[in-house]
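Residue numbers (our numbering), protein chains in the order written: chain A, 1 to 243; chain B, 1 to 328.
Derived by calculation from the structure, the hints in this document are not laboratory data.
Incorrect hints may appear among the rest.
Ranges between beta-carbon positions, derived for each pair [said to hold, decoys possible]:
| id | chain 1 | residue 1 | chain 2 | residue 2 | range |
| --- | --- | --- | --- | --- | --- |
| 1 | B | ILE293 | A | ARG7 | 47 to 55 Å |
| 2 | B | GLY10 | A | GLU114 | 31 to 39 Å |
| 3 | B | PHE100 | A | PRO107 | 20 to 28 Å |
| 4 | B | MET138 | A | PRO107 | 47 to 55 Å |
| 5 | B | ARG192 | A | THR24 | 22 to 30 Å |
| 6 | B | ARG203 | A | GLY165 | 31 to 39 Å |
| 7 | B | ALA27 | A | GLY137 | 48 to 56 Å |
| 8 | A | PHE15 | B | GLY133 | 53 to 61 Å |
| 9 | A | GLU114 | B | PHE277 | 50 to 58 Å |
| 10 | A | ARG68 | B | THR145 | 55 to 63 Å |
| 11 | A | ARG110 | B | GLY3 | 17 to 25 Å |
If you want a taste of the chain B side facing chain A, the calculated C-beta under 10 Å gives, among others [stated by the list, open to error]:
| id | residue |
| --- | --- |
| 12 | GLY3 |
| 13 | SER23 |
| 14 | ARG177 |
| 15 | ARG179 |
| 16 | TYR183 |
| 17 | ARG185 |
| 18 | ALA186 |
| 19 | ARG192 |
| 20 | ARG195 |
| 21 | GLY198 |
| 22 | VAL199 |
| 23 | VAL201 |
| 24 | GLY254 |
| 25 | ASN274 |
Per the computed footprint, the stretches of chain A lying under chain B, defined by three or more beta-carbons under 8 Å from a beta-carbon of chain B, are [claimed, not checked]:
| id | segment |
| --- | --- |
| 26 | 66-78 |
| 27 | 98-105 |
All values reported here derive from a predicted model rather than from experimental measurement.
Note that beta-carbon positions come from the ideal geometry of N, C-alpha and C, so glycine has one too.
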Amino acid sequence: MLLEARRVTRDFGAFRALAEADLTVAEGEMIGLIGPNGAGKSTFFNCLAGDLAPTSGSVHFAGRDVTRAAPEAHARLGMGRTFQVPATFEDMSVLENVMVGAFLRHPGRRAAREAAEAVVERVGMADIRHARARGLGTPGRKRLEIARVLATEPKLLLLDEALAGLNPAEIVRAIELVRQIHAGGITIVIVEHIMEVILSLAQRVIVFNQGRIIASGKPADVVEEPAVVEAYLGHSLKRRPPR
Amino acid sequence: MKGRGLLYLGAAIVLVVYPLVFSGAFAERIGALVLLAAIGASAWNILGGYAGQISVGHAMFYGIGAYVPLLAYRLWELPPLAGVPAAIVLSLVLATLIGFPTFRLVGHYFSMATIAVAELIRIVVSNWDFVGGAIGLMGPATSRTVFDLSFKSSVPYYYLFLGVLAVVLGVTWQLERSRMGYYLRAIKAGERAARSLGVPVRRYKLFALLLSAAFTAVAGSLYALMIGFADPDSVFSLLVSVDMIIVAALGGAGTLAGPLVGAAILVPLREYTNSIFGGGNSGLTYILFGGIIMLIARFEPGGLMEIGRRLAALLPRAPRREVRRRAA
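Hey, can you work out the whole structure from these sequences and the hints?
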């Protein structure tokens, strides 16, 4: 297994945000995490990425125990992540942003620049590589975050609502990009609210509610489970009410 | 790039010929003080400007830089210059000691911690007879050898400071282009995102602090060499740190030339206002400086260099460059 999280629990004072969540991810998988707001998805995500230390439980990545490891150690091992609210380096250009990621595997400036140029080309940002991140809109920032983390050459990519705030045309482009990245051999775990996205991308879906995993399995099966319908969807996707 | 290179070359020529054009004790002294302020602000800029760690306690390194050479003279009658390496080493030790605990703090908390440490050191120095207490330390009254670097004219200091500034700016330029430069800017923009990309944030903050502290100590030593005297108020006070910050912020924190631009404006302004207000009201100068800080913070946090960059962006591009860009 590439990633193995066992009974991960996270408390904030007396509040239990995440209770004994399990996740195993094999190389090459694409897994979707869904659930209503406050369900514990982001907390779980942050525990996987090293941003939060679990109160109890363990996280193993690439054969190493990374339960208490810092985020930079996760990155070095090959786990990359994006953020729900894009955290681009505003005063740096698109290329410079990506170079920060590229320096992880290419310490020399020239090599990092070449690697970053290749990534910028790959995600379709070559035309604006000298533009400052500050001037980009939400789609550009989301794409830049993906480019930046790709430059770290990850084995596993954690995408935290990478499609939120995009219009339908941008979502189509973003889905295409995620597919392309996955086809390139990178394992992906994606948190997303847009069910159509999850259904079209993920091979396996895990549903959170009130800090617990309430269902997991193939997307088509999971969305029909009564617990998921009740907690998250509100209605079956097969019997969508008329608009 | 070509235009910027020419601009830097022009600035270098102006700096080299300045004492030849503006002769006279006042102008020469102003020139030397501008360069000294630029060295101090450039040193602060590495930590505060590039890494975004706003230290308001850099006077501790400046003060150590000023005191150790004068102490070497007082204790062993060595040329003050001989104490400069020891001042740098002591600053590095202090930077390491305060770096580990304070870098756990972020934003205003870090700034407040640096103020607290610097004030603590000022109070200790003010009450420690071994280092002259509140009276301070004196350098050689007359020049014994050339190594005392004691000159009547400000011109030798001017060129000494210019050489040191060239070294500081050269190191900063190299840093800007290196992995460390990119990492520091990423840390400034967002530590969490930087860490997620594999940046060892605390280690690089510490590197920046060490480099910044070493150069600040050198600036303090140069001050002591030129003035020949240092007391707690003149080198360890909060206003020394504030000076560095305002100079860098006005010119453009996080830019190579910003501190020099800021110094070229603020030092003559300070000397002028000091002469108007007189010694008894020198604090009024800082009211003016406070106004400048508010204006920068409100209207252009990027400083004058950012305004220059925006103006340059409005200029029509050279045709060749446009063609090259299209071809790429």
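If you check each hint against the structure, which ones fail? Numbers 12, 13 and 25, in rising order.
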